[in-house]
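Model the placement of chain Z on the given structure of chain R, informed by the hints.
Residue numbers (the UniProt record's numbering), protein chains in the order written: chain R, 1 to 828; chain Z, 1 to 212.
Everything labelled a hint here was simulated from the structure, so no lab data went into it. The structure presented is a predicted model; accordingly, all values stated were derived computationally and were not measured. Hints may contain errors.
Straight line, CA to CA, 25 Å or less: simulated BS3-like cross-link-like pairs of lysine-lysine [what the hints assert, rightly or not]:
1. Lys131(Z) to Lys681(R)
2. Lys151(Z) to Lys131(Z)
3. Lys131(Z) to Lys263(R)
4. Lys627(R) to Lys604(R)
5. Lys29(Z) to Lys53(Z)
6. Lys683(R) to Lys788(R)
7. Lys130(Z) to Lys687(R)
8. Lys256(R) to Lys53(Z)
9. Lys791(R) to Lys687(R)
10. Lys683(R) to Lys130(Z)
11. Lys131(Z) to Lys313(R)
12. Lys681(R) to Lys151(Z)
13. Lys149(R) to Lys56(R)
14. Lys151(Z) to Lys170(Z)
15. Lys687(R) to Lys131(Z)
16. Lys683(R) to Lys53(Z)
Derived Cβ-Cβ restraints for the label pairs, each shown as a range [as the list claims (entries may be wrong)]:
17. His35(Z) to Leu686(R): 43 to 53 Å
18. Lys200(R) to Lys29(Z): 14 to 24 Å
19. Lys624(R) to Leu123(Z): 53 to 63 Å
20. Asp110(R) to Asp28(Z): 38 to 48 Å
21. Glu133(Z) to Lys675(R): 47 to 57 Å
22. Arg126(Z) to Lys675(R): 11 to 21 Å
23. Glu133(Z) to Gln117(R): 16 to 26 Å
From chain Z, some residues computed to sit far from chain R (all C-beta separations above 12 Å) [as the list claims (entries may be wrong)]:
24. His96
25. His141
26. Asp177
Quick reminder that beta carbons are idealized off the backbone N, C-alpha and C, glycines included.
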Amino acid sequence: MEYFKSGLKTVLGSQDPEQQPSGAETVERLVERVQSSTLLDDRRDACRALKALSRKYRIEVGAQGMDALRFILETDKQDCEIIGYTLDTLSNIMSPTLFDEEEESDRQEDLRHIGEQFTEMFLKKPENVTLILSFLEEYDFKVRWPALKLLRVLLSNRLKDIQDIILVSPMGVSKLMDLLGDSREVIRNEALLLLIQLTKSNANIQKIVAFENAFDRLFDVIIEEGCADGGIVVEDCFLLMLNLLKNNSSNQNFFKEGSYIQKLCPMFTLPPDGADDNCWAPQKTAILFSVLLVVRCLVSPSNPGQVTLSCQKALFTSGIFQALTSILMASGVPINFLAEAICTLSEVIRGNHHNQQHFARVMAPISPPREAIVILLMSMVNEKQSFALRCTVLYCFQCYLFKNEDGQAQVVQTLLSPSYSEVNMVTSGQLLCSGLYSHDSLSNWLSAVALSHTLIENPAQRENLLRVLLSPDPNYRPVTLIHQVALLLQQSNKAQSKIGFLIFLGTWLSHCHLAVKHFLEVPTAIPYLTAQVGSAEGEDDNEELVQGLCAFVIGLCILFNDGTASSYDKDALIQLVSNRIGLEVFSSKLSEVSRNEFYSRASKLPQPRATKPEELLLDYEFCKLFKVLESMIVKAVNPKEPSNSAVEIAENGLVSEYKDVIREQDRKIAELQCKCDSLEKEKNQLKLTLEQLSSNVSQLSDENTLLKAQLHAGGLTHDHEHDLAMQVDGWRTECARKDATIQSLEAEVQRLNISSNQTTIESNPPTDPIESSDMDNLLELFAVQEEKLNKYKDLLRRYGEKVDDDDTDQEISPQPTSHNSPTRNNIV
Amino acid sequence: MSYAYLFKYIIIGDTGVGKSCLLLQFTDKRFQPVHDLTIGVEFGARMITIDNKYIKLQIWDTAGQEAFRSITRSYYRGAAGALLVYDITRRETFNHLTTWLDDARQHSNSNMVIMLIGNKSDLESRREVKKEEGEAFAREHGLIFMETSAKTAANVEEAFINTAKEIYEKIQEGVFDINNEANGIKIGPQHSPSNSNLPPGSKSPSQSSGCC
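This is chain R alone, in the form it adopts within the complex (with noise of 0.2 Å):
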């Protein structure tokens, strides 16, 4: 604490003694941290303070922090530390339970459903919750562990809706699979619970999960756990093996296809006798108990008939059925273990004849040795034994005779034979028998509805039964069986052993019309049971259902009487009942026993089941056979009321207008269908065509889009060319501009040509006869002077002058020299 205090400072800041912060402040205020800061320590530490804060204060750090939480498991999934920080805290504000700190807290009330509602806003995004899927692919254990704890807070609050989400996130029963095989326990161990929790109910995961290989990494812990001898772990396998199983067809048939079964067996190997004290030690019973449970559910009578047949035939071979038999002999089994495995064997030999006859076999090791169904018998009807070993005896015999009419036979043979007289060997008939006239009614009733079972669906039987002679007292002359029945029906003053016989007897005369006139034949029956039925309301629940089974009895005598009793034929009776009881009360009477309470319970499932030994009342099979027969018996009672001829006309006239009715229906029908034929022709030619107009039309289409798209591309180049005899437009304004610039240039030219021309020719001509005649003299005259200058330069170099020959060319350039012209001034 003091720790974590400290932890807080650093996180607050110290705060003034005197002005501690409330709870509702320091949360907002270090959500508020988690919100905004930006360094991931900062955000750290507020998460692991907002941890530590969620037990004591988990209304506000949930009301407050959620979204916060649930966006640090977005942004900083990479950071292990801060994600286990806040998957633990929002464990804690949705933990279904209350946590210490609040058991004194003063709004218990307001906290007893915090966590659900959390949940509840949790959940609102589907998407957290495949999150939090998506922390268990992360080794380490800082998120793993506590990603696992969250799911399953989240499971134990919301079960269905987490299902639904984990069956259609990608992977997510895979991911949970996976963490089966985590080599750190404590992991397992939570995702064994885990999975226990999530397939509870829903066949659709649990046949996923069995598609993950489960069944293997179950027997896989259960090994390494060391079986039978190992500890929780090894029952929570079986817990979760179980719920895969439970009324899951597909699973059972996997179960059985891939010979998990015979891994089952070494379950059983029990130490040898007396070896150990420990040997039934709570643990192993409960492990073994969770075996027998797993075993059960694969024959169960509610599964289908296909599935129970193949997983009873491998429960043989793998040599279950002979582990079960040993665990029946041994001794020091507990007594709820012991029973448990009665109603396994039962069900592991139920309707199936081949196991029933190795059941009947199995000989009790005792000297001499005897049958185990006789030793079974003889605890059942044995008063000191303990209810609901003796309930499951009864079904397990229950089981042994069903569809098995050899077990019947067998039974009623022991009645019949010599041999039963003699002594120390007691049969199992006479320990029925026995139980009969035992003074304890749950006896009487046990037996009764045993023997009633040796009769179920099998007539011949009935009959054979109507043999049986018992001599209860040696002075007295030996009794026919069904004789001492209504005997003992009518001496009994307890409902349940009145019920019990009734039972038997009505079971006895269904459908056997010579054990009706067998009954008819005891004085003192009809009298007694029209008296009973007569007789006014019983005080308690249980009278009503005696006097409906007695009504019951009446009407199969009714119902299966062909007349050859002595004084009681049909009519007699059915006036009898009309006379003495009146047909309504009978009526109603017998329709108390389908109403009454034990009946459904009884009609649910083939094993009686009771807590207490007066709730035992009704069996399964009889209220079978109640069922059926109720309605037969009714309408049997009740005359056809103008009966006759008169009503069979109208019912012949009106049966053969429904004749005409139907049989024009039928020729509708036919009509119909022809109609319905042609049609379907019709419609698969249009079909056709539609088709090929539809292909027509997407051809059509394509070549529309082709189109459009040259038209498109067409568009394009017009455009240009629009742009194009634009321009050219524009170009050929520009020239005709030109054009008649040049022109006008042109014609300033011209004029201007003309002028010009005007004024050379006005210039020119005088000109041109000037300048040659002047050219023609001046060069005369030059000739002239060059001559005279020639002359005068002979003279001069004749004179001894020296003359340059340049000079007379240098006078001739238009540019004298200066130097030139001294001389020539000389000369001039």
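Chain Z only, in chain R's frame:
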């Protein structure tokens, strides 16, 4: 009966194409004209022999309805083989094949062998998809193809067995990692190559010391 290999299959395809009937014909050799809609998935199994070896087929028949699609996807990853089924009398089931194939390729392991099946070949008069079309589709996508009838049992055995053969060949070629169960293949209890010379039950610890 012990097996050399165990293969996991899934059957996929539109609703009503006869997936469950194919499975029933294969496992129970019977035909049920009226079959309930499959809810989620159903399991079936049978032993076959290839190359004188027992091979156990575990088959998960999935619901074709769209509503179950997200559930059935969970099964793709762990399967070694898939039968992709369409109905030759309903073209739309053929048209949807690409969707199914994309889905399967996306969620399964890449080596999964897919067999394309045109079912209801007994209803020739109502045929809407030609056999050649099926063949072409299969060729294009690298699948094996077959037309079957769950009603007359024609080609049903072959469809399941040929898929197994293909997987078996892939194993022989070493394409599959047979020790990874996520591939949908398991080696039988007595056939794991590493301890085949040891009696069953004596497991790993003695193995490493014994070999050298």
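How the hints compare with the structure:
{"no.": "1", "hint": "Lys131(Z) to Lys681(R)", "result": "holds, 22 Å"}
{"no.": "2", "hint": "Lys151(Z) to Lys131(Z)", "result": "holds, 18 Å"}
{"no.": "3", "hint": "Lys131(Z) to Lys263(R)", "result": "violated, 47 Å"}
{"no.": "4", "hint": "Lys627(R) to Lys604(R)", "result": "holds, 13 Å"}
{"no.": "5", "hint": "Lys29(Z) to Lys53(Z)", "result": "holds, 22 Å"}
{"no.": "6", "hint": "Lys683(R) to Lys788(R)", "result": "violated, 139 Å"}
{"no.": "7", "hint": "Lys130(Z) to Lys687(R)", "result": "holds, 16 Å"}
{"no.": "8", "hint": "Lys256(R) to Lys53(Z)", "result": "holds, 21 Å"}
{"no.": "9", "hint": "Lys791(R) to Lys687(R)", "result": "violated, 136 Å"}
{"no.": "10", "hint": "Lys683(R) to Lys130(Z)", "result": "holds, 19 Å"}
{"no.": "11", "hint": "Lys131(Z) to Lys313(R)", "result": "violated, 44 Å"}
{"no.": "12", "hint": "Lys681(R) to Lys151(Z)", "result": "holds, 24 Å"}
{"no.": "13", "hint": "Lys149(R) to Lys56(R)", "result": "holds, 19 Å"}
{"no.": "14", "hint": "Lys151(Z) to Lys170(Z)", "result": "violated, 31 Å"}
{"no.": "15", "hint": "Lys687(R) to Lys131(Z)", "result": "holds, 20 Å"}
{"no.": "16", "hint": "Lys683(R) to Lys53(Z)", "result": "violated, 51 Å"}
{"no.": "17", "hint": "His35(Z) to Leu686(R): 43 to 53 Å", "result": "violated, 30 Å"}
{"no.": "18", "hint": "Lys200(R) to Lys29(Z): 14 to 24 Å", "result": "violated, 36 Å"}
{"no.": "19", "hint": "Lys624(R) to Leu123(Z): 53 to 63 Å", "result": "violated, 42 Å"}
{"no.": "20", "hint": "Asp110(R) to Asp28(Z): 38 to 48 Å", "result": "violated, 59 Å"}
{"no.": "21", "hint": "Glu133(Z) to Lys675(R): 47 to 57 Å", "result": "violated, 32 Å"}
{"no.": "22", "hint": "Arg126(Z) to Lys675(R): 11 to 21 Å", "result": "holds, 18 Å"}
{"no.": "23", "hint": "Glu133(Z) to Gln117(R): 16 to 26 Å", "result": "violated, 58 Å"}
{"no.": "24", "hint": "His96", "result": "holds, 17 Å"}
{"no.": "25", "hint": "His141", "result": "holds, 23 Å"}
{"no.": "26", "hint": "Asp177", "result": "holds, 15 Å"}
Hints 3, 6, 9, 11, 14, 16, 17, 18, 19, 20, 21 and 23 from the list above are not met by this structure, while the remaining hints are.
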